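Keeping their order, the protein sequence lines are chains A and B.
Going by this note's numbering, 12 is the number at position 12 of the first sequence; the sequence numbering is gapless.
Going by this note's numbering, 241 is the number at position 241 of the second sequence; the sequence numbering is gapless.
Bear in mind the hints are in silico, worked out from the structure with no lab data behind them.
Please note that the accuracy of each hint is not assured.
[Said to hold, decoys possible] Below, in silico cross-link-like pairs of lysine-lysine (DSS-like), each with a Cα-Cα straight-line distance of 30 angstroms or less:
| id | chain 1 | residue 1 | chain 2 | residue 2 |
| --- | --- | --- | --- | --- |
| 1 | A | Lys148 | A | Lys224 |
| 2 | B | Lys149 | B | Lys78 |
| 3 | A | Lys259 | B | Lys206 |
| 4 | B | Lys149 | B | Lys259 |
| 5 | A | Lys118 | A | Lys259 |
| 6 | B | Lys224 | B | Lys78 |
| 7 | A | Lys78 | B | Lys222 |
| 8 | B | Lys259 | A | Lys78 |
| 9 | A | Lys149 | A | Lys224 |
| 10 | B | Lys222 | B | Lys149 |
| 11 | A | Lys148 | A | Lys222 |
| 12 | B | Lys149 | A | Lys259 |
[Claimed, not checked] Ranges of calculated distance between the beta carbons of each label pair, as one might list FRET restraints:
| id | chain 1 | residue 1 | chain 2 | residue 2 | range |
| --- | --- | --- | --- | --- | --- |
| 13 | A | Glu51 | B | Ser193 | 50 to 60 angstroms |
| 14 | B | Ser193 | A | Glu33 | 30 to 40 angstroms |
| 15 | B | Gln37 | A | His294 | 37 to 47 angstroms |
| 16 | B | Asp197 | A | Glu40 | 45 to 55 angstroms |
| 17 | B | Thr70 | A | Glu5 | 31 to 41 angstroms |
| 18 | B | Glu230 | A | Gln227 | 19 to 29 angstroms |
| 19 | A | Met79 | B | Glu13 | 45 to 55 angstroms |
| 20 | B | Ser157 | A | Gly30 | 54 to 64 angstroms |
| 21 | B | Glu194 | A | Val164 | 52 to 62 angstroms |
Just so it is clear, the structure is predicted and the values come from calculations on it, not from any experiment.
Glycine included, every Cβ here is placed at the ideal spot set by N, Cα and C.
2 protein chains.
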Amino acid sequence: MAIREEWINYVHELQDRICSSLEEIDGKAGFSEDIWQRPEGGGGRSRVIAEGDVFEKAGVNTSVVFGDVTAAMREQLKMDGSQWFACGLSLVIHPRNPFVPTVHCNYRMFELFNAEQKLLDRWFGGGADLTPYYLREEDASHFHGVYKKACDEFDPSFYQRFKVDCDNYFVNRHRNGERRGIGGIFYDYQRPSEEQDIRFWMGFSKKCGNAFLPSYIPIVKKRKDEQYGEDQRRWQEIRRGRYVEFNLVYDRGTIFGLKTNGRTESILMSLPPTARFEYNYQPAEGSAEDQLQHVCLHPREWV
Amino acid sequence: MAIREEWINYVHELQDRICSSLEEIDGKAGFSEDIWQRPEGGGGRSRVIAEGDVFEKAGVNTSVVFGDVTAAMREQLKMDGSQWFACGLSLVIHPRNPFVPTVHCNYRMFELFNAEQKLLDRWFGGGADLTPYYLREEDASHFHGVYKKACDEFDPSFYQRFKVDCDNYFVNRHRNGERRGIGGIFYDYQRPSEEQDIRFWMGFSKKCGNAFLPSYIPIVKKRKDEQYGEDQRRWQEIRRGRYVEFNLVYDRGTIFGLKTNGRTESILMSLPPTARFEYNYQPAEGSAEDQLQHVCLHPREWV
């Protein structure tokens, strides 16, 4: 099968698989689906849960989009070429219980063509990262461990490289370098080389995409019924505020989408259902909240 | 008195006056003050109310800062010169009751110097804008009316010009051009000309600064005890989400501050205490919420 067709099929199949699994765990909420068209070419399938028992807000989106390379893309993405094509899956899950971490993952393929429709360039990118509100070391180790295992099947150097890239990407630089969470993996612009053809990178992206459910679902099952109170909820909302700050100030995909007439509702489904912004908030020294903040300021090894 | 000294004195006196007045209305909360130093030169006086009876979060900040013109300033602000100096007041007030609007105002003077400390350029900028959650036409007319009166004393063309500039500045372009609120006035880079010397613009800025209390306090007094329920509160939090989107994605001062090592807590005091981000939320057609959204999408004349 052609690369493009195979990847599109995979992305849609993964979306189905993830949504079924999340619905089963939630018990109450089902995904509602919006099929949207992009006037300039292509469209997407956005699926969202609102106000579930387990998932307060969850979005699992796929898109298959294409168009002309615009001046904005040339400038902001440093892209050559005449036409582009992109297909990917992007999800963000905001659970209700503050002991269940928020999670994000995104896998995408990008192609560039010249005016004669000849393929000029093609790459894969993606990753997954975990944003806990309370640090549970075994959860962090489990999450990272699943992705390390996926990476190791392809190259023993990948996990360490992509783990560091992830730590260096999800950074609120205006918060003394505080990370959004405890990381995961992040890779981009992975092109064919002498050793690794494009099927290698598609295979790697599929392997990582398939790792999502085993990386996250066991954590949800373990934590979703832990007792919590108003104080934990308040802390969750403060940390969700930091999530908003990162996504709106730094996230390349979000800013590029908003400034180039992307589908706003699908882009901003990543924002948490609620957030809190308190002036000069500092958790009490040595508290569980302080411990979480410390690990966001000083990334650690987890496996 | 020298321009700079006179403006610094004014800004501090205005801060005191506004804080006293807000404390008196709130009854419960008092401002807490943080005096901060900027390592590169100068500092500020941040005053914040948290969890008041009337004001859920309010910040009234002044700063007197200076330093070298950096590469970032040259690029992002297109600034020439070797040293800069800035002094201003900035306030954002987020009331608890959804029938009391959020308000923002900011007045500032900027100076540029060459390497020999010779003044190269000097300008004033500022404005005030109102962000209601429910449209009360008489409140909108009152707010705009106070600023029109202030403007008219200086030039009969100012109000209309600065009103339109305000409508065109506070725009969430990714939301079909929806404005943050119902506007006010906005002006920037006001320099001496043949007709108007720098004292004209300082006088104008003082006049507008003095207009803040009469523009806003009567609205607070009228609305602060109106009954509201969960539904109004939820809508307030959704609109506060739009406030966050504007401030973090578009606001020049916020982005510049965050990316140039400004004092994060003072910059982000503008964010609302809480916010809500719902996927694809649309108010019921013809509802009070819809009416507010409509007027944000289609700015009107108020006086």
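Against the structure, the hints come out as follows:
1. For the given pair, Lys148 (chain A) sits about 25 angstroms from Lys224 (chain A) by alpha-carbon distance, which is consistent with the 30 angstroms threshold.
2. Between the alpha carbons of Lys149 (chain B) and Lys78 (chain B) the distance comes to roughly 33 angstroms, so the proposed pair goes past 30 angstroms and is violated.
3. Taken as a hint, the Lys259 (chain A) and Lys206 (chain B) pair is broken in the structure, with Cα atoms around 36 angstroms apart against an allowance of 30 angstroms.
4. For the proposed pair Lys149 (chain B) and Lys259 (chain B), the alpha carbon gap of about 37 angstroms is over 30 angstroms, so the pair is violated.
5. A threshold of 30 angstroms between alpha carbons decides the hint, and for Lys118 (chain A) with Lys259 (chain A) the separation of about 28 angstroms falls inside it, so the pair holds.
6. Using a Cα cut-off of 30 angstroms, the hinted pair Lys224 (chain B) and Lys78 (chain B) is violated, with the two alpha carbons roughly 43 angstroms apart.
7. Our distance criterion of 30 angstroms between C-alpha atoms is broken by Lys78 (chain A) and Lys222 (chain B), whose separation comes to about 54 angstroms.
8. Of the supplied pair hints, the one linking Lys259 (chain B) and Lys78 (chain A) holds, its CA atoms being roughly 22 angstroms apart against a limit of 30 angstroms.
9. Between Lys149 (chain A) and Lys224 (chain A) the alpha-carbon distance is near 25 angstroms, which keeps this suggested pair within the 30 angstroms criterion.
10. The hinted pair formed by Lys222 (chain B) and Lys149 (chain B) meets the criterion: a straight-line CA distance of about 21 angstroms does not exceed 30 angstroms.
11. Of the supplied pair hints, the one linking Lys148 (chain A) and Lys222 (chain A) holds, its CA atoms being roughly 21 angstroms apart against a limit of 30 angstroms.
12. Annotation: proposed proximity of Lys149 (chain B) to Lys259 (chain A) is violated, straight-line Cα distance about 37 angstroms (limit 30 angstroms).
13. Evaluation of the 50 to 60 angstroms hint for Glu51 (chain A) and Ser193 (chain B) yields a pass: the beta carbon distance comes to about 57 angstroms.
14. Checked against the hint of 30 to 40 angstroms, the C-beta distance between Ser193 (chain B) and Glu33 (chain A) comes to roughly 59 angstroms, which is inconsistent with it.
15. For the pair Gln37 (chain B) and His294 (chain A), the beta carbons lie near 26 angstroms from each other, so the given range of 37 to 47 angstroms is not met.
16. As the Cβ distance of Asp197 (chain B) to Glu40 (chain A) is approximately 51 angstroms, the hint placing it in 45 to 55 angstroms holds.
17. Between Thr70 (chain B) and Glu5 (chain A) the C-beta distance comes to about 50 angstroms, which lies outside the given range of 31 to 41 angstroms.
18. The given range of 19 to 29 angstroms is respected by Glu230 (chain B) and Gln227 (chain A), whose C-beta atoms sit roughly 25 angstroms from each other.
19. As the Cβ distance of Met79 (chain A) to Glu13 (chain B) is approximately 53 angstroms, the hint placing it in 45 to 55 angstroms holds.
20. For the hinted restraint 54 to 64 angstroms between Ser157 (chain B) and Gly30 (chain A), the CB-CB distance of approximately 57 angstroms keeps it satisfied.
21. With their beta carbons about 59 angstroms apart, Glu194 (chain B) and Val164 (chain A) fall inside the hinted range of 52 to 62 angstroms.
This entry does not satisfy hints 2, 3, 4, 6, 7, 12, 14, 15 and 17, going by the numbered hints stated previously.
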